[in-house]
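**Q** When you get a sec, could you build the whole thing from the sequences and use the hints?
In the UniProt record's numbering, the protein residues as written are 1 to 793.
Take these hints with a grain of salt, some might be off.
[To be verified] Simulated restraints on C-beta separations: (1) Ala601 <-> Ser566: 21 to 27 Å; (2) Glu43 <-> Glu632: 45 to 51 Å; (3) Gly446 <-> Gly714: 33 to 39 Å; (4) Asp96 <-> Gly446: 56 to 62 Å; (5) Ala306 <-> Thr19: 35 to 41 Å; (6) Phe95 <-> Ala62: 55 to 61 Å; (7) Trp629 <-> Val520: 29 to 35 Å; (8) Ala102 <-> Ala320: 47 to 53 Å.
[Stated by the list, open to error] 27 Å max Cα-Cα, derived DSSO-like pairs, lysine-lysine: (9) Lys636 <-> Lys565; (10) Lys219 <-> Lys444; (11) Lys133 <-> Lys692; (12) Lys533 <-> Lys547; (13) Lys692 <-> Lys737; (14) Lys552 <-> Lys473; (15) Lys473 <-> Lys392; (16) Lys567 <-> Lys556; (17) Lys636 <-> Lys693.
Treat the hints as calculated values from the structure; they're not laboratory data. Cβ coordinates follow ideal geometry from the N, Cα and C atoms, glycine included.
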Amino acid sequence: MSAPDTTTDIPDEVRARHTELCQELDDHSYRYYLGTPVVSDAEYDTLMRELVGIEDSYPALATQDSPTQKVGAPISVDFAAVEHLVRMESLGNAFDVDELNAWADRASAEVPVNGYLCELKIDGLAVDLVYEKGRLVRAATRGDGRVGEDITLNVRTIGVVPERLDESVRPAPELLEVRGEVFLPVEDFGRLNERITASGEHTPFANPRNAAAGSLRQKDPRVTATRPLSMIVHGVGAYVPAGGSESGGNGVRDGGGDVAFTSQSQAYRLLGEWGLPLSDRYRVVTTMDEVREYVGYYAAHRHEPAYEIDGIVIKVDDFALQRRLGSTSRVPRWAIAYKYPPEEVTTRLLDIKVGVGRTGRVTPYGVMEPVVVAGSEVEFATLHNAREVERKGVLIGDTVVLRKAGDVIPEIVAPVLDRRDGTERAFAMPETCPECGTPLGQQKEGDVDLRCPNARSCPGQLRERLFFVASRKALDIEALGYVAATALTQPLEPAQPPMRDEGDLFDLTVDMLLPIRTHVLDPDTTEPKTDPKTGEPKVVSFFANKKGEPKKTVEKLFEQLEEAKSKPLWRVLVALSIRHVGPRAAEDLARHFRSMDAIRAASEEELASVDGVGPTIAASIREWFAVDWHAEIVRKWADAGVRMEDEDDGSRPRHLEGVTVVVTGSLEGFSRDGAKEAIAERGGRATASVSKKTGFVVVGDSPGSKYDKAVKLGVPVLDEEGFRVLLEAGPDAAAVKRVNPAPEEPGAEDAPEAAGSEAGAGPEADAVSGAAETRAAETAADAETAEAVRGDA
Numbered sequence: 001m002s003a004p005d006t007t008t009d010i011p012d013e014v015r016a017r018h019t020e021l022c023q024e025l026d027d028h029s030y031r032y033y034l035g036t037p038v039v040s041d042a043e044y045d046t047l048m049r050e051l052v053g054i055e056d057s058y059p060a061l062a063t064q065d066s067p068t069q070k071v072g073a074p075i076s077v078d079f080a081a082v083e084h085l086v087r088m089e090s091l092g093n094a095f096d097v098d099e100l101n102a103w104a105d106r107a108s109a110e111v112p113v114n115g116y117l118c119e120l121k122i123d124g125l126a127v128d129l130v131y132e133k134g135r136l137v138r139a140a141t142r143g144d145g146r147v148g149e150d151i152t153l154n155v156r157t158i159g160v161v162p163e164r165l166d167e168s169v170r171p172a173p174e175l176l177e178v179r180g181e182v183f184l185p186v187e188d189f190g191r192l193n194e195r196i197t198a199s200g201e202h203t204p205f206a207n208p209r210n211a212a213a214g215s216l217r218q219k220d221p222r223v224t225a226t227r228p229l230s231m232i233v234h235g236v237g238a239y240v241p242a243g244g245s246e247s248g249g250n251g252v253r254d255g256g257g258d259v260a261f262t263s264q265s266q267a268y269r270l271l272g273e274w275g276l277p278l279s280d281r282y283r284v285v286t287t288m289d290e291v292r293e294y295v296g297y298y299a300a301h302r303h304e305p306a307y308e309i310d311g312i313v314i315k316v317d318d319f320a321l322q323r324r325l326g327s328t329s330r331v332p333r334w335a336i337a338y339k340y341p342p343e344e345v346t347t348r349l350l351d352i353k354v355g356v357g358r359t360g361r362v363t364p365y366g367v368m369e370p371v372v373v374a375g376s377e378v379e380f381a382t383l384h385n386a387r388e389v390e391r392k393g394v395l396i397g398d399t400v401v402l403r404k405a406g407d408v409i410p411e412i413v414a415p416v417l418d419r420r421d422g423t424e425r426a427f428a429m430p431e432t433c434p435e436c437g438t439p440l441g442q443q444k445e446g447d448v449d450l451r452c453p454n455a456r457s458c459p460g461q462l463r464e465r466l467f468f469v470a471s472r473k474a475l476d477i478e479a480l481g482y483v484a485a486t487a488l489t490q491p492l493e494p495a496q497p498p499m500r501d502e503g504d505l506f507d508l509t510v511d512m513l514l515p516i517r518t519h520v521l522d523p524d525t526t527e528p529k530t531d532p533k534t535g536e537p538k539v540v541s542f543f544a545n546k547k548g549e550p551k552k553t554v555e556k557l558f559e560q561l562e563e564a565k566s567k568p569l570w571r572v573l574v575a576l577s578i579r580h581v582g583p584r585a586a587e588d589l590a591r592h593f594r595s596m597d598a599i600r601a602a603s604e605e606e607l608a609s610v611d612g613v614g615p616t617i618a619a620s621i622r623e624w625f626a627v628d629w630h631a632e633i634v635r636k637w638a639d640a641g642v643r644m645e646d647e648d649d650g651s652r653p654r655h656l657e658g659v660t661v662v663v664t665g666s667l668e669g670f671s672r673d674g675a676k677e678a679i680a681e682r683g684g685r686a687t688a689s690v691s692k693k694t695g696f697v698v699v700g701d702s703p704g705s706k707y708d709k710a711v712k713l714g715v716p717v718l719d720e721e722g723f724r725v726l727l728e729a730g731p732d733a734a735a736v737k738r739v740n741p742a743p744e745e746p747g748a749e750d751a752p753e754a755a756g757s758e759a760g761a762g763p764e765a766d767a768v769s770g771a772a773e774t775r776a777a778e779t780a781a782d783a784e785t786a787e788a789v790r791g792d793a
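**A** Shown next as structure tokens:
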């Protein structure tokens with residue numbers, strides 16, 4: 001019997017199975033491309049064989065878009081234009097209470113308003129999601145409200161966005177279109193900019209919104225996957241219930257016996273049941289007095305959420321009333337955005353200086369008259385590079401507008417032009433390194449950053465690397481602070497510093513330290529202090545007292561250097577300042593290879609295959625070891641007795657393999673780093689954030705929000721006693737020690753009272769849990785801007 005040669009000859013059940021297999025294999029190929037596969041190769045091959053068998057029997061199904069016809073085709077986002085099912089409207093704005101009251105009066109004059117829903121206006125990017133039969137089929141930008149750009153592949157990398165709706169409480173609708181805001185949490189924004197600065201990838205983002213926008217508009221979804229994006233849903237577009245007929249927006253109706261949307265708040269509860277990320281900060285109130293109270297609260301506490309907000313959105317809660325109020329040609333009459341004024345201050349830009357980071361990046365930064373912004377005093381602000389200074393048009397002596405990007409990083413916004421008096425002067429980027437005089441240059445053509453290529457001998461770079469070696473995330477040498485690192489690398493006397501590079505650290509002797517004389521540095525500005533009598537910079541013996549004997553800090557320094565020699569391998573790796581290799585990646589490398597020799601001998605492919613590493617970090621490691629003097633540092637440290645391997649003698653049980661543990665609060669018997677090392681020694685992974693994939697959360701005194709989040713997600717919580725059981729006996733024994741109850745199986749009667757009660761964890765969750773290289777890059781070294789400025793910048 002010959003195979004059917006037309007699609008009309010194909011049975012419906014075969015066609016349906018073919019469609020299902022194509023979708024599933026495309027999903028798995030995409031996850032494999034991102035480095036986050038969810039099935040084994042064998043399982044993938046089984047599905048592919050089944051698809052090939054169907055297409056062999058029914059050749060008409062072997063179309064060009066079938067997975068069988070795609071051979072390693074690169075995945076990219078083409079931003080094709082797509083039409084929204086229901087128009088995405090913008091909101092009208094109220095900039096003061098009078099305008100807010102006027103909106104409420106207009107609405108109340110037309111309909112009997114019986115309740116308002118108040119929610120935070122997140123400063124992010126509006127995105128439209130479409131689900132068909134519970135499966136995410138499309139994501140698009142707002143665009144002009146009718147037509148946006150297709151960003152489906154990028155949105156699928158956002159961990160809080162479900163690829164399939166949760167049907168444990170009720171069936172998924174035939175069609176569901178929802179709107180929400182994609183954003184970058186403030187803390188993650190800071191870490192992302194630190195990683196970008198440390199790696200020299202490009203200029204750091206100015207604020208979280210720009211970072212979110214840039215991350216969503218990446219042609220390669222793997223780049224988006226490395227950005228910790230999150231999302232909160234705040235509206236419904238088109239909707240077809242299971243077995244029902246289509247409706248949409250505030251016209252959502254009961255279509256086929258399925259539940260109908262009757263109000264904004266009730267819709268949120270249903271969206272939460274389907275697993276969509278919602279805010280836990282919205283409130284339903286009945287009077288405008290309560291609306292104004294909500295607006296006032298977040299005006300005073302706008303930094304309380306994990307993300308940036310720029311106002312409050314107020315909606316008439318009842319959908320029937322929303323329909324009666326309708327919309328103008330531009331905005332809905334049933335909702336308004338109350339906009340908060342931006343938190344900006346003015347101050348005088350006294351100077352623009354440049355600093356050198358540990359990788360040689362030369363960064364201009366502003367020195368200003370101290371001013372308080374977003375709750376803290378600011379004296380320095382990064383200007384990123386010379387091109388950014390020119391773009392902003394800032395002159396030395398200007399009065400400038402200052403704000404904190406993400407309420408974290410001080411940022412000079414612009415000059416106040418009408419305050420200029422003619423004494424201002426332009427900034428000129430130096431052509432040579434301010435620390436060693438070496439001509440500056442670009443690392444590669446087209447870079448906006450200038451770097452000092454004198455990596456080994458530049459005293460500024462060595463100072464920053466030495467300070468990093470001693471940091472808590474590396475070898476944790478408390479006695480070797482920034483001022484001590486400066487004394488060792490840039491002494492006034494003797495003329496020749498005792499260290500050529502960080503490889504000499506463990507060869508220091510007391511006799512080398514005693515002759516060192518240096519300026520007394522101001523701990524806040526790192527500038528030399530002056531003698532009030534002479535007006536000259538103060539000069540002192542740094543390591544010797546007035547009798548010429550070693551200070552007590554010298555003894556402490558050598559004790560801690562000796563202790564540092566026995567630190568675990570991952571800390572040694574971090575201390576080497578290999579670009580992109582932070583604590584997470586270092587732990588993964590040490591766990592896999594067990595020795596520095598094995599890491600050095602590994603090929604780029606072998607390194608990249610390690611969970612938590614990936615190709616970027618692997619290439620950076622190979623490049624680092626290819627430099628002769630880098631390898632010499634490792635040899636010097638090894639000769640001095642620094643531990644270069646983690647011996648696995650079998651005495652320590654590794655019963656935490658594959659288990660993720662979060663430690664929060666203060667423990668009596670463990671320091672934070674000690675707890676992390678105890679987890680790692682037993683094969684586990686210590687992380688900083690709680691998600692559904694977290695195995696245990698260990699709480700001490702003052703645990704903070706991570707405990708609450710663990711309870712919401714049903715993650716087992718252990719006290720210190722339970723943590724000891726976990727370390728000694730493993731997860732099964734520790735499970736009975738949990739201090740929070742195990743979650744019950746959800747049923748229809750267990751639906752949360754408020755939609756945000758479960759989904760509120762979304763904005764703080766691991767936005768890209770599973771993107772291995774993301775985890776490593778997020779914890780890479782400190783920002784070079786901070787290294788250069790050593791102030792609030």
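**Q** So, for every hint listed, does it hold in this structure?
**A** Quick rundown of the hints versus the structure:
The hinted window of 21 to 27 Å between Ala601 and Ser566 holds, with their beta carbons roughly 23 Å apart. The hinted range of 45 to 51 Å is satisfied by Glu43 and Glu632, whose Cβ atoms lie roughly 47 Å apart. As the Cβ distance of Gly446 to Gly714 is approximately 49 Å, the hint placing it in 33 to 39 Å is violated. At roughly 47 Å, the beta carbons of Asp96 and Gly446 sit outside the given window of 56 to 62 Å.
Look at Ala306 against Thr19: about 40 Å separates their beta carbons, and that is inside 35 to 41 Å. Judged by the Cβ atoms, the range 55 to 61 Å given for Phe95 and Ala62 holds: they are separated by roughly 60 Å. For Trp629 and Val520, the Cβ-Cβ distance of about 32 Å falls inside the hinted range of 29 to 35 Å, so the restraint holds. Range check, Ala102 to Ala320: about 23 Å between beta-carbon atoms, so the 47 to 53 Å window is missed.
Of the pairs offered as hints, the one joining Lys636 and Lys565 holds, with about 12 Å between alpha carbons and a cut-off of 27 Å not exceeded. Among the hinted pairs, Lys219 with Lys444 is consistent with the structure: their alpha-carbon atoms are about 22 Å apart, no more than 27 Å. About 24 Å separates the Cα atoms of Lys133 and Lys692, which keeps this hinted pair within 27 Å; it holds. Proposed proximity of Lys533 and Lys547 is supported: the alpha carbons are some 23 Å apart, at most 27 Å.
At most 27 Å may separate the alpha-carbon atoms for a hinted pair to count; Lys692 and Lys737 meet this at roughly 19 Å. For the suggested pair Lys552 and Lys473, the alpha carbons sit about 25 Å apart, so the restraint of at most 27 Å is met. Distance restraint check for Lys473 and Lys392: the Cα-Cα separation of roughly 35 Å exceeds the 27 Å cut-off, and the hinted pair is therefore not satisfied. About 17 Å separates the Cα atoms of Lys567 and Lys556, which keeps this hinted pair within 27 Å; it holds.
Between Lys636 and Lys693 the alpha-carbon distance is near 41 Å, which puts this suggested pair outside the 27 Å criterion.
Comparing the model with each earlier hint shows violations of hints 3, 4, 8, 15, 17; every other hint is respected.
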